[in-house]
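K.L.:
Sequence:
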Amino acid sequence: MTRQVDAEAAADAIIILTALRRMCQERQARYNLPFLTEGEYETLDAAIDGLGGFQPNYSYGVPDWTGSLKAALYRTS
Numbered sequence: 011m012t013r014q015v016d017a018e019a020a021a022d023a024i025i026i027l028t029a030l031r032r033m034c035q036e037r038q039a040r041y042n043l044p045f046l047t048e049g050e051y052e053t054l055d056a057a058i059d060g061l062g063g064f065q066p067n068y069s070y071g072v073p074d075w076t077g078s079l080k081a082a083l084y085r086t087s
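The sequence shown begins at 11 in my numbering and counts up by one.
Since the hints were derived computationally from the structure, they do not count as laboratory data. Any given hint could turn out to be false.
In silico SDA-like links for lysine to any residue, alpha-carbon gap of 25 Å or less [said to hold, decoys possible]:
| no. | residue 1 | residue 2 |
| --- | --- | --- |
| 1 | 80 | 42 |
| 2 | 80 | 27 |
| 3 | 80 | 13 |
| 4 | 80 | 28 |
| 5 | 80 | 46 |
| 6 | 80 | 45 |
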């Protein structure tokens, strides 16, 4: 069964997934460790594409979500 996804919800999901992908890429480059496999990056890309793909007007939200995800995942105090 295929479920319809609201366009605004899809856009939000794309922004969040893109922020997560970029955050993983940044950490992978910084620490030279394979946090995600190539297959996992491909899965993220497929999910983003399946929701409609990244659009240029989404880039406003990616830095905000990247910062929020980093704060939630990395801060210890």
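K.L.:
Has the given pair, residue 80 with residue 27, been kept, meaning a C-alpha gap of at most 25 Å?
P.N.:
Judged against 25 Å, a Cα distance of about 13 Å means the pair holds.
K.L.:
Are the Cα positions of residue 80 and residue 46 separated by 25 Å at most?
P.N.:
holds, 16 Å
K.L.:
Could you grab the alpha-carbon distance between residue 80 and residue 42 and see if it respects the 25 Å cut-off?
P.N.:
holds, 18 Å
K.L.:
Would you mind confirming whether the straight-line C-alpha gap from residue 80 to residue 45 stays at or under 25 Å?
P.N.:
holds, 15 Å
K.L.:
Within 25 Å, alpha carbon to alpha carbon, are residue 80 and residue 13?
P.N.:
Measuring from Cα to Cα gives roughly 31 Å; hence the hint is violated.
K.L.:
Please work out if residue 80 and residue 28 have their alpha carbons no farther apart than 25 Å.
P.N.:
holds, 13 Å
When the structure is compared with the earlier hints, a violation turns up for hint 3 alone.
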